[in-house]
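Trainee: Model the full assembly from the supplied sequences, consistent with the hints where possible.
What follows is the residue order along each chain.
Protein chains: 2
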Amino acid sequence: MSKRALIILAEGAEEMEAVITIDTLRRGGIDVTVAGLAGKATVKCSRMVSIVPDTSLEEAHATSPYDAVILPGGLKGSELLGEAPLVGEILKQHENGGQIVAAICAAPIAFKSHGIALGKQITSYPSMKERLVDNYKYIDDERVVVDGNVTTSQGPGTAFEFALSLVKQLAGKEAAEPLVNQMLLKL
Amino acid sequence: MSKRALIILAEGAEEMEAVITIDTLRRGGIDVTVAGLAGKATVKCSRMVSIVPDTSLEEAHATSPYDAVILPGGLKGSELLGEAPLVGEILKQHENGGQIVAAICAAPIAFKSHGIALGKQITSYPSMKERLVDNYKYIDDERVVVDGNVTTSQGPGTAFEFALSLVKQLAGKEAAEPLVNQMLLKL
Ligand SMILES: [Cu+]
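Sequence order for the protein chains is S and V. In this text, residue positions in the first sequence follow our numbering: the first is 1, and each later residue adds one. In this text, residue positions in the second sequence follow our numbering: the first is 188, and each later residue adds one.
Among the hints, erroneous ones may be present.
[To be verified] As a list, the in silico DSSO-like pairs of lysine-lysine whose alpha-carbon atoms are at most 30 Å apart:
| # | chain 1 | residue 1 | chain 2 | residue 2 |
| --- | --- | --- | --- | --- |
| 1 | S | Lys186 | V | Lys307 |
| 2 | S | Lys173 | V | Lys263 |
| 3 | V | Lys360 | S | Lys76 |
| 4 | V | Lys355 | V | Lys307 |
| 5 | S | Lys168 | V | Lys355 |
| 6 | V | Lys299 | S | Lys40 |
| 7 | S | Lys173 | V | Lys299 |
| 8 | S | Lys168 | V | Lys373 |
| 9 | V | Lys299 | V | Lys279 |
| 10 | V | Lys324 | S | Lys186 |
| 11 | S | Lys44 | V | Lys299 |
| 12 | S | Lys137 | S | Lys92 |
| 13 | V | Lys373 | S | Lys44 |
| 14 | S | Lys186 | V | Lys227 |
| 15 | V | Lys227 | S | Lys40 |
| 16 | S | Lys129 | V | Lys263 |
| 17 | S | Lys186 | V | Lys263 |
[Said to hold, decoys possible] Pulled a few chain V residues facing chain S out of the computed Cβ check, cut under 8 Å:
| # | residue |
| --- | --- |
| 18 | Met203 |
| 19 | Asp210 |
| 20 | Arg213 |
| 21 | Arg234 |
| 22 | Leu319 |
| 23 | Ile326 |
| 24 | Thr345 |
| 25 | Lys373 |
Because the hints were derived from the structure by calculation, they are not lab data. Please read these numbers as outputs of a predicted model, since none were measured by experiment. Idealized CB from N, CA, C, for every residue including glycine.
Mentor: What follows is the structure in structure tokens.
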């Protein structure tokens, strides 16, 4: 059976980080659910791209746990994810259950807001470092950081590597490696 | 005044190529219009991401010419672009007017269908080469090819470079270069 990933989309999400992750995971055979934090309505992303989620976060959560819960960045989107109690509940369930929790760019600030992965090695968009450095072992110089079941990454330009790491963790090297050539990535 | 770019979105478009281009151009200060080939309805992309265009292609064309007309790839999306008379009309108007026409991945086959850029240097997704090699000077080993007002590129993994080339052509090096660090690109 395919592994299942939940991507939570909030207004102001970074659309490249969201779409690169969704698309690459689906190419890797992962069953991805794109869930709208504010329901099923169209989500206006950080650069005004409008994406329609597959379902609402409430409905998506009815089939938790997933094999991975993934937060795209974008400053406003990340702050909204950090303020939502349901996001905190879902992240805690998955962190405790040993499933993957993952965040890119500004989204690790939502981990901090919800007390997720405290003390672990993480990275983020560089300008978020000062908000994270007291609560985590902050790594500056790696584009993707995996510490146990916690995966973090830095920004739009690292989104392919973030997604490939998740495919590899969920479906193995044999699922991830062919995507490098298929998508013409220069890593 | 900002330069204006038109991106035409058809069902089956490659969502990463579309979104990376839209987002990067907007970060570069370009005024981007995302136009739906089939009207204003939500567009189901190649990996099932649903994007709502800003407007229909008919309405967008009312304010032609743009400074650039851009076709994202995705096989089905590219074939639909190749079959649409209005896309051919818009491409011819812009090719003849000296504005930029650009296509990535499978989308150069839509150039061929409409008789655009014939004889020029182009590239594409590698598997499309045989459909293009008789009508173009086909370049295998460059990730982005610029020949006069025609820009082409190869696939999802070259989409950032494609978008940066367009920002540079439209708004100059001083607009494009800061984006490399801002987006954390490794080129
Ligand atoms: Cu970001």
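Trainee: Compare the structure with the hints numbered earlier in the document and write down the numbers of the violated ones, lowest to highest.
Mentor: Failing hints, ascending: 5, 6, 7, 11, 14, 16, 22 and 23.
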